[in-house]
Amino acid sequence: MFANRGPVLLSILLLFSLGAAAQTTTGTVNGRVTDTAAAFIPDTSVTLTNVRTGISQTTQTTEEGLFVFPLVQPGSYRMEVSKSGFKKFISQFELAVNQTVRIDPALEVGEVSSTVTVNEKAVLIESETSSLGQVISSRQVEELPLNGRNPFALASLSAGVVPLGSFGVGLNATRMAAQMAGANNFMANGGIAGSNEVLLDGVPITVCCQGQPAIIPSVEVTQEFKIQTNASTAEFGRTSGGILNLVTRSGSNAFHGGVYEFLRNDQLSAANWFTNRAGKVPIPGRDDYRTPLRYNQYGFTVGGPVEIPKVYSGKDKTFFFGGYEGTNVRQYGYVNSTVPTNLMRAGNFSEGTANIYDPATTQADPNNAGQFIRSPFPNNLIPAGRQNAITKNYNAYFPLQNAPGVVNNFNWVQSLATDDAQGTVRVDHNFNPANRLFARWSVTDDSYKNGDWENGISGWSQAIHANTFVLSYMKVLSPSLVMDLRYGLAIQRNLFLPDSVGEDVTKIGLPSSFAAQQTVHAIPLLNVSGLRSIGFDSLRNWSRYTHALSANMSWIHGAHTVKFGWDGRLLRDNELTLDGGAGNFSYAAGFANGPNPRAAVPAGQSTFGAYATFLLGLPSSGTIGYSDTWARQQFYHGFYIQDDWHVTRKLTLNLGLRYELETGFTERYNRQAWFDPGMATPLAQQTGLPLTGGVAFSGVGGQPRNLWQTDKNNFSPRVGLAYQITPKTVLRSGFGIFFLPTSQRGYGSGNPGFQVSTPFVSSIDGVTPVGTISNPFPTGTIPLAGSANGPLTLVGAGVSGLYFNSPMSYTQQWNFGIQQELPWKVLLNVAYAASESVKLPLNFNPNSLPLQYYGAAGDQTQVAYLTQLVKNPFSGIIQTGSLAAATVQRNALLRAFPQFTSVGQNYLAQATSSYNSLQVTLQKSLSHGLSLLSSYTWSKNLGIANNLTTGFLDVGTPGFQNDFNRAIEKSVLATDIPHRLVVSANYELPVGRGKAYGTSMSRWLDALAGGWQMNTVMSFNSGFPLNFSNAGAASFAGSRPSYTSSTVNPQTSGDIESRLGGVSGGTGYLNASAFRQPMSFEFGDVARLTDNIRSPAKSNIDVSLMKNFVVKEGIRLQLRAEAYNLPNHPVFNSPSTSVGSAGFGVITSQANSPRNVQVALRVIW
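If you want the numbering used here, it's the 1-based position in the sequence shown plus 395.
Rather than coming from a laboratory, the hints here were simulated on the basis of the structure.
There could be a bad hint or two in this list.
[Said to hold, decoys possible] As a list, the in silico SDA-like pairs of lysine to any residue whose alpha-carbon atoms are at most 25 Å apart:
no. : residue 1 : residue 2
1   : K844      : G897
2   : K1502     : Q662
3   : K1220     : G1083
4   : K1319     : K787
5   : K787      : T901
[Unchecked claim] The following label-pair restraints were derived from C-beta to C-beta distances:
no. : residue 1 : residue 2 : range
6   : L738      : S1297     : 35 to 41 Å
7   : I703      : G1389     : 36 to 42 Å
8   : T1462     : P679      : 27 to 33 Å
C-beta: ideal position from N, C-alpha, C; glycine also.
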């Protein structure tokens, strides 16, 4: 029905709205003017003045005494209310980003020349809105200890927010991770990480395709921001619920600015916990357990009125603000890895727990039909003559072990280098009280070098150039109607290169035919199970753009404050992604397993077996990839109307409706495709099999140009109420639906025909090796054919693409809570916040083995039946890969699409998640030198959803054991943190001139004892759930282990530091005897993500100490020292969870940084 009415409705809404900035940073000031007897006073003059700029606006109260100032920029304000026969009322207060401030002046009878002044240092209670969120003030941004000085990190101060992985990290860590998906890698009240909105000065700065913001603004140019987490108004959309809403600083009538430098080095740091425990300095010849660090961050800001002597004075009219910041970091990190032992290098596997079997001896088992047996290498020695010449050369890239043992036997120092420069310029101009304009431009250049161990082939470098621009015009059309128009541009260009690019692979013995097959001429990536990888196989060059045009109208009509508008965006992605262009090869233990090669690999033997197959030159899998360039784009339209209705003095209703339309990607030359499971295929006639499924191409054969179907049924209501029970108590409740952005579908989703991978054929029967590293692709590689092969594209290989008909995912959020203003400017907020998300994306494998072919657990007869070689109906038709052989395993023909070796339907909208929480926030506004924010969240997050981003502590989202058996896959999510407490505080010590103690002390004594300030951020939260897997599982076994018994504790006992395993350690974090490998046809009963087994809990305390010196009036010198992880408390990473591996259950690394001290000098004027 909507298909017929939709265009008409869109046209009406477009004409109705006039334009956008629907997602506003501005606030609202409103109230009701009465006399002391509570009678309304109409036609009263109310003037609102920005204290810093002197810009004023005036309105008159309605017949009911109501007044509203919409679309007000955040800042310090003075409000004057005057009426003949009454004393003038004056109030001073702060207006935060996206805040509604209500002030109800009660005028006293008297002369206008008399005044009543009320100073509202902070308007605490929220009596106008039902949304949940947290304002992070300029004081918090500037003064709280902030490791890396990334303002985004302060979003984690809010209740309901879980920071994941690299979210909020600073330049001392990985700016590149911060610039990419990590900057959107947080969960807000059950939303999906990576699907949050990020706004800067009212315009979106997120770009395709991971939701990453184009830039991260410097602390020095950030005025404040708000993290919005639940039931935001209809002005906001294109998010799973989380919104980072930042505002930059602007100039004022007074010139102001500052210069600064922040410094760190290793002499101010503590050593890594594992380095200390190992008792060995990480860098030989350097008598220090700490690794070198040089960190310098410096810059300046300046702002004020635009002044051209004798030509132009911008006082009260034109203002500017600008800043520059440079950061240079040279950092080294301690890393513990596993490398082959000296005996293993020589082919001696006597350190293992079982025999190494010779794959050349594989033969049919005479006692068990359909099964195989092998003989072991004598004495567990692989003769030198059997070792592959190429892998001998590769072996030189593995460094020699420098620690005892077969696991975690190599300690090394990784080098990281970052250079960053960022500049910002902003100009605000006030034509007159009815016309205002501002523009801002920010530019960032980053370069990052990630070194690896000293082999010269495993590191990589990255360079990012980014710009953001905003132009905003505000027009007061009448006292009751205001228009705000904005245009925004966000650009991010990203170049990623491996260190070995340009290397000639024939130098290590790979054939010249393989070198000719590479699109990235670099050393191929090698993954030996249990060992650190070697090489790098990818090259990427991306340019991404977001154009945003919006218009926002605010209309005051009686007791209604109505906003309506349009938010339009054009997202573009120009991309060259050569993943796998150098080739990659993986080695597992299967070819060295026995005597039954299909049995599970013995516990602790997987790394030995994998390295044995490496020496023999027998990869278990591998690919080489080709990719075309593409230039794609999509449009987004958001139309909304929001009515904040002041029903009575106590009751406000927030009523809104948003409609969103987001098109699927189109590509300039139609270079995009997807997998269509119902497509007819010529192979059906050629083979006589009832086959369907093939690749559909944009704009070819009557197919649409869009990469996915545009969903047109996306209405999102927003409903809420705020009821002011008493002047200091408010009851609030809200509900809203939020549609997730779809541009993330363009990341890693596959583009068949224009992005192909040729698989390495290791075996036909899964037991006998047929491929070697000496000539990995003897029959050639699959070329980039575009749409030329039609439905036959990639037959004989794996195909992966989007599911065309996936609707838009959405989240339903609701909350119910109470706010209570307490004495001493304290606000208590207690809320139940929840959400339920549906139609979330998951990656579906329709070629999973259908469950009807599963035998009983451990049934080897069924294994033999499924792996038996039978006549291949595709022989002679398909020319490359395993399906070109004369025979094929029977199970390959039982799949839904046997013409493909694997099938991935990505972003299938069938996942769900739920979130329930109790949130308690205690906030104290500044008084007596102290401000405080404390938030506690008790929550549960369940579902089968995938995070769109992952990170260092986030274990990611594991796949399903079988895609036709999803019933067993529901579990807690990677974002499930049952308990989280965050406390932050700023405290000016009450000592010195003008303070409570020493108020009249001399200037010299004040210089010593006065001007001190302490600040802290403390966080404590539960550990993350764990994701278990199997090392060397049996054929057709589940991908997760099972518990051996419900009575065996899966975790070891004792304090955490005695359970780390390894050198000088104990038994490990996990109890290996509590787990077992599943048998064939058995699904592991360990949950997809475990609620009962978690990584170690996390706690952190950051503290800063500041000393302020007044040089002279208007000039202040500030010295500051900041200690991150002040107690030097280690937070340990998750243990190895690969059951059967040698390192299972062992924690080998520290997740957080050791204590690090930063000192700074700032001159502020």
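Taking the hints in turn, this is what the structure says about them:
no.: 1; hint: K844 - G897; in the structure: holds, 17 Å
no.: 2; hint: K1502 - Q662; in the structure: holds, 22 Å
no.: 3; hint: K1220 - G1083; in the structure: violated, 80 Å
no.: 4; hint: K1319 - K787; in the structure: violated, 66 Å
no.: 5; hint: K787 - T901; in the structure: holds, 14 Å
no.: 6; hint: L738 - S1297: 35 to 41 Å; in the structure: holds, 37 Å
no.: 7; hint: I703 - G1389: 36 to 42 Å; in the structure: holds, 38 Å
no.: 8; hint: T1462 - P679: 27 to 33 Å; in the structure: holds, 31 Å
The earlier numbered hints that this structure contradicts are 3, 4.
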